[in-house]
Amino acid sequence: MGKIMKSGKIVVVLRGRYAGKKAVIVKAYDDGTADKQFSHAIVAGIQRYPRRMKRKMTQKNMMRRSKIKPFIKLVNFTHLLPTRYTLSDVAPAIQPKDLKDPMKKKNLRFQVKKKFEERFRSGKKSWLFQKLKF
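For the sequence shown, my numbering assigns the number 1 to the initial residue and increments by one for each residue that follows.
Errors might be hidden in some of the hints.
Unchecked claim - Derived lysine-lysine pairs resembling PhoX-like cross-links, with alpha carbons at most 20 Å apart:
(1) 36 / 6
(2) 131 / 67
(3) 27 / 115
(4) 124 / 106
(5) 60 / 73
(6) 100 / 73
(7) 133 / 69
(8) 106 / 69
(9) 133 / 27
(10) 3 / 69
(11) 69 / 36
(12) 131 / 113
By construction, these hints were calculated from the structure, which means they are not laboratory data.
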């Protein structure tokens with residue numbers, strides 16, 4: 001049986017602060033690492049989704065409502081629900097040590113935000129940018 005949790009796979013976070021939020025696997029560690037000896041992944045996801053827009057809104061209003069707030073987190077595989085969707089080229093190569101340094105993490109979040117907003121404005125993968133309905 002092949003691997004399900006690959007980089008680029010869109011997942012739903014099931015536990016913790018970001019439960020119910022959609023995310024993309026940036027890097028997966030199937031066998032774990034020396035300090036975390038369980039299968040886990042670095043995910044980049046959407047904490048605050050863009051708001052609904054209408055045709056009659058001004059350009060300024062549309063730009064304000066299309067902002068996305070991302071998150072980057074290391075998550076155990078058991079807390080992720082894989083979907084059938086994939087997304088490539090979301091974030092640069094992120095290492096676990098980058099998540100411990102606040103300045104590097106802030107810079108990575110900014111880069112991910114730019115990629116997500118660019119993807120949102122292109123109109124592709126619209127399912128990713130909508131709240132999960134349940």
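Starting from the hint list further up, note which numbers the structure goes against and sort them upward. Going through the list in order, the structure violates hints 4, 5, 9, 10, 11 and respects the others.
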